[in-house]
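Trainee: Sequence:
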Amino acid sequence: MPDVTLGTVTERWALTPTEHGGAQLVPLGPDALPTAPVTTEPDLAKAIRSRPEVTRWVWRDTHAVYPHLLAAGVPVDRCYDIEAAENLLLAHEGHHGDPRSAAAALARLKGAPVPPDPPPRIVAPGHLSMDALFEPRPPVEVTLTDLVDVYAEQQRRHDATAHPGRMRLLTASESAGMLVAAEMHAAGLPWRADVHRAVLAELLGERYGGGGEPRRLAELADEVSAAFGRPVRPDLPADVIKAFAQAGIKLTSTRRWEIENIDHPAVPPLIEYKKLYRIYTAHGWTWLNDWVRDGRFRPEYLPGGTVSGRWTTNGGGALQIPKVIRRAVVADPGWRLVVADADQMEPRVLAAISRDPAFMEVSGQAADLYQAVSDRAFAGDRGQAKLAVLGAIYGQTSGDGLKNLALLRRRFPQAVAYVDEAARAGEEGRLVRTWLGRTCPPAAGAAEPEEAGIPQDEPEQAADAGGSTYGYASSNSRARGRFTRNFVVQGSAADWALLVLAALRRELADMAAELVFFQHDEVIVHCPEEEAPRVTEAIREASDLAARITFGETPVRFPFTTAVVECYADAK
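The opening residue of the sequence shown carries number 0 in numbering that gives the first Met the number 0; numbering runs sequentially from there.
If a hint is listed, it holds; no wrong ones were tucked in.
Within a straight-line C-alpha distance of at most 20 Å, the following computed DMTMM-like cross-link-like pairs (lysine to aspartate or glutamate) qualify:
| # | residue 1 | residue 2 |
| --- | --- | --- |
| 1 | K249 | D234 |
| 2 | K109 | E92 |
| 3 | K402 | D380 |
| 4 | K274 | D238 |
| 5 | K109 | D145 |
| 6 | K109 | D97 |
| 7 | K273 | E201 |
| 8 | K322 | E565 |
| 9 | K274 | D221 |
| 10 | K45 | D76 |
| 11 | K322 | D193 |
| 12 | K273 | D234 |
| 13 | K402 | D374 |
| 14 | K274 | E259 |
| 15 | K322 | D342 |
Simulated from the structure, these hints should not be mistaken for lab results.
I would like the entire structure built from these sequences, with the hints used as guidance.
Mentor: As structure tokens, then:
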């Protein structure tokens, strides 16, 4: 988001932490160069607090600075994260995966050998204090003067992009996301350990001594074995596949979609076992003991953790909380959770970035977008309209998808042409970018499974539309085309969501409300009950502002479905 100015000069200062909690600081001018000598102060928090006129702090890595400021009760309004910016710029320049540290950027600037990035932090379960979770990576020796040189060079590199304004906005929003991530960790997601334990007892039964599986899993395992007529370990896919083969049924995996329609008595207990086993291993008693402290779950959020810009977490599985476990996410007494879901986010983003007049018109309504599309092109058949839109975004290449796509192309030619061109660029090995300039890596890379285009909220529809969980990792050019087709939409949606967070963060600044959770198209705010109406309105205003800042003046609307609840599980 653009800098706030005081008079005619934006107040920007660069800083680096020093040993024993101090800092070196220097003010920067409009050319990103120092306007005064470097100052050394013994207390980082006091140095920040004593300079309220500063509108943006420039530092190497938000993880290395901001958590300690929050612990001292010193939030900052805006920052510029040099290493986050370097990551975005390298990808934009076609060098995705090159070392992104400030030391590496400095070496490139000076023509020196480029050092590899230090290893990432590993979060150890059970050690979740602020200092332990955000313990800096091995120190990288970059002086404040050198850091300012890297910053100035990054400003020149922004100017060299095809759309400097958009690229600067992307960098600013990624930096804002780093602040939000640290603040969400500090606030923590309210979590009732007693409720969690009750849910586990209800689902899994009592635990046996000696580290054995809980009672319900043991019972289901016995049922699976009885159905096959011999002992079978349902937690071992190879054992299950072998057992089915001996029964004359050939499988390639034990995924639910492959086994659920098989007529065999082992299938029902096997499916139930797999569902409960995942809860047991991913969010069971061990997870609860490791990750929940003092009524809060505090994962480390990683903005831009996937190539499309979606967030990930460093341990804890915060972005994959099963619905049944959400019963443990309970607001404090007298407080509420405001849970907001963006409605049909990615199709609306496609309308905004493609500038298709007809698609923008149907996306300009807060009502059901798929119904509006069906009324235009599918004789009121909402299901077909939904599959057609998802097929365009995720790349359906056979069956009824071609017919649906043809109908969609006839009514919304610019929207379909936009993703078609992204797919073509991917197949030809060209760089593909989001609306703001986040760049898809070259074909030799690999992405996380969710990155291949299966939306987390609509997996079945996406699968029907032809999505592939491993499309990007494949060297096949058509698979890459399916990935880049989705990348321009999913990535642009992630860019917009970052600006929603930044805008919402500012709207909440004068309230007691806290941002406590974010994933893809959902945000949760924990607030006193009396603030809930203001928070709900703040989310709407943040969505509208983010749309204008990201896409310019557009008729496309990005409505949220909002629920004010005491328990997260009650939101849906």
